[in-house]
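J.: Letter by letter, the chains look like this.
Number of protein chains: 2
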Amino acid sequence: MKVLITGVDGYLGWPLAQYLTNRGHTVGGADNGYRRAWVQEVGSCSAIPVCEMKDRLAAFEKRFCRPMPYWHADLRDFGNILDILHSFRPDAVVHLAECPSAPFSMIDREHALFVQINNLTTTLNLLYAIAKCDRGIHLIKLGTMGEYGTPNIDIPEGFIDIEFHGRQDRLSFPRQAGSWYHWSKVYGSYSIAFAVKLWDLRATDVMQGIVVGSRLSENRSDERFCTRLDFDEAFGTVVNRFCCQAIIGEPLTVYGSGGQTRSFLSLADSVQCLGIALESPAKIGEYRVFNQFREVYSIIDMARKVQSVAAQKGLKVDIKTVSNPRLEQEQHHYNPIHENLRKLGFRPVRSINDEISFILDDLANHANRIRSAPKGFYPTVSWKGDTTATDVK
Amino acid sequence: MKVLITGVDGYLGWPLAQYLTNRGHTVGGADNGYRRAWVQEVGSCSAIPVCEMKDRLAAFEKRFCRPMPYWHADLRDFGNILDILHSFRPDAVVHLAECPSAPFSMIDREHALFVQINNLTTTLNLLYAIAKCDRGIHLIKLGTMGEYGTPNIDIPEGFIDIEFHGRQDRLSFPRQAGSWYHWSKVYGSYSIAFAVKLWDLRATDVMQGIVVGSRLSENRSDERFCTRLDFDEAFGTVVNRFCCQAIIGEPLTVYGSGGQTRSFLSLADSVQCLGIALESPAKIGEYRVFNQFREVYSIIDMARKVQSVAAQKGLKVDIKTVSNPRLEQEQHHYNPIHENLRKLGFRPVRSINDEISFILDDLANHANRIRSAPKGFYPTVSWKGDTTATDVK
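Which chain is which? The protein sequence lines are A and B, in order.
Residue numbering for the first sequence follows numbering that gives the first Met the number 0, starting at 0 and increasing by one per position.
Residue numbering for the second sequence follows numbering that gives the first Met the number 0, starting at 0 and increasing by one per position.
Among the clues, some could well be false.
All copies of an identical chain are treated as equivalent in the list; a pair is satisfied when it fits inside any one copy or across any two copies.
[To be verified] Taking lysine to aspartate or glutamate and the EDC-like style, the derived pairs with C-alpha atoms no more than 20 Å apart in a straight line are: (1) K196 <-> E329; (2) K196 <-> D107; (3) K374 <-> E249; (4) K383 <-> D133; (5) K383 <-> E285; (6) K342 <-> E278; (7) K53 <-> D221; (8) K1 <-> D82; (9) K312 <-> D360; (10) K319 <-> D300; (11) K383 <-> D199; (12) K304 <-> E294.
It should be emphasised that the hints constitute simulated quantities derived from the structure, not laboratory data.
Small disclaimer: the values here were computed from a predicted structure and weren't measured.
Let's have the full structure, built from the sequences with the hints guiding it.
T.: Set out below in structure tokens:
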């Protein structure tokens, strides 16, 4: 199968390209290098060094004995995405070309607008380009479990049967996103569902949990096959960040009581799930939603898990709670359903525990990089911030 | 009360400014003149002549014995909205500064993006500006009943109690918009609900039906107090368009079978409802939703209604069905609830029938304007259009 990965230089894109190529697919990639720029903007860097894209591509070609077609391109420019689809002619597109950070979107108004417009534009462009080029292309779009928020009822996979005044309908499950970024993902989901109706496209919308991991099991000997591992407050997801704190002996910083419960999966499982979605594609005219995760933990339990794996490696780390910069419930019901991928054959291959252990091994040589990053671990972006009632110019 | 109307030069903004001033409020307005430009872009004009904004303002000042503070300003520029809030210091903002056309958003990709980004940006800027200047400002935002689509269950006012797996929560009622424009209004609703949570703002989100009318009952002698009345396929809403067809003896063009059912209200009732929302404001921290309409009709029934009112005036008109350019159900359940405004005192003052009669009177002198508009009544924007599988360059 020919698969285009948009955002191939990102956290998921790079390992996914390797995984799919290993499974015999032909992978092409596009990226504009924004993830690198954003992490730099917030004053941080990847804990694991990330080589230039050209070196990644050279490593890829050497290992897989074929080059990966690659476009350095901004998908907010419609001409770019049209050109790519026209020349590569993919069977499927995995769309990862979005800004993935809630705190980044909450920095201020400019960042809120940037994230929403960026994500809305790349997704809409991609939909129009698919409709124009080849409506048979299967679009796999990365959403997030965060789109659902934390309702007081179980979370179904995308849709729910609602009975009201004696009548019934199956409707989209109401979303309750918790940041401008998360809302941008909700808008992307609606755009895709609408475009599928409009033009008889085919799409899989993946509500993914928080991914944990630094690389696939393959190629552990060559760091160029690692993915980036961010630990700053904006792009460092919680478990990856805890691992970076653990490796330099800093306390793991839990926001608030840590009772916030989230869904998680290992990087190895994430790419497996995306592979399943690709290999069992949505039908023409079908918009389907997968809740993609393996395990559910509270943040405080996850901190304890990292603490315990670190202890096995002789790393003694404390857990410290800091004031919660976010607007979120710290005690709540959380029971998302995740049956669709299991029915298609998903069987987890790597536990979160194992993934944490691998990350800590990968980080062992990079403690100094983490220590010397200009921006530390502590949150500075407050959900309530950026606006005070007094400072109108 | 000091009320800022953003989009004061538009279809609703201009009569609303008069209505609120009549009720003793101090009204300020902002507009960038886009509605005029859009209608010109699609090759049409208002059936009732619209004088320049400066002449509108002069007429306003003469009649109400005070000037209306007015800013010719684009609200996509944050500085503009900050300056306006800072200098006018309103108690409430009625936000009408959005592109209001479904067909306009469906012309092509550029228009889809323009409408979504325009509407998202003005709304987000306004929210940030209110949070920054004065969180007590009551935001009244014009949404549309079209956000809900046509689910197979009754439509509540914004929220629904959902029971699932033995637990219950009250969640946002799932939206099923039918155009990129309608989705932009859904995104606006979510942005406002989120901002209210974030910053303890106060907001009323108005899901309005299709408005019918050309002016308030006051000032029928001076056409400068009329509002614009568009009849092109993009900005001409269905009943106003039917009236323009009737006045020149053209058949009323019904899309498809005409079984599509929608909610309607007169212009006089629309401004009354907005006045009620203003005068009984949302509480601090409250995001409330009103379904704002009076009557429910199918499009074919509405065509017959216009035909019958026209007949009473000696105008004989036919009804003609044309191929439906939209993607919508033509037979469906439709029963939206509308109790919130009634509970606050809304009592309809003008029926749709009366409003149609007034419009036909107002149009009597303008048949030639309608006849000579370069763009006719027939739909040319197809929901399925703009993309064909063959024409990749």
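J.: Flag every earlier hint the structure violates by its number, smallest first.
T.: none
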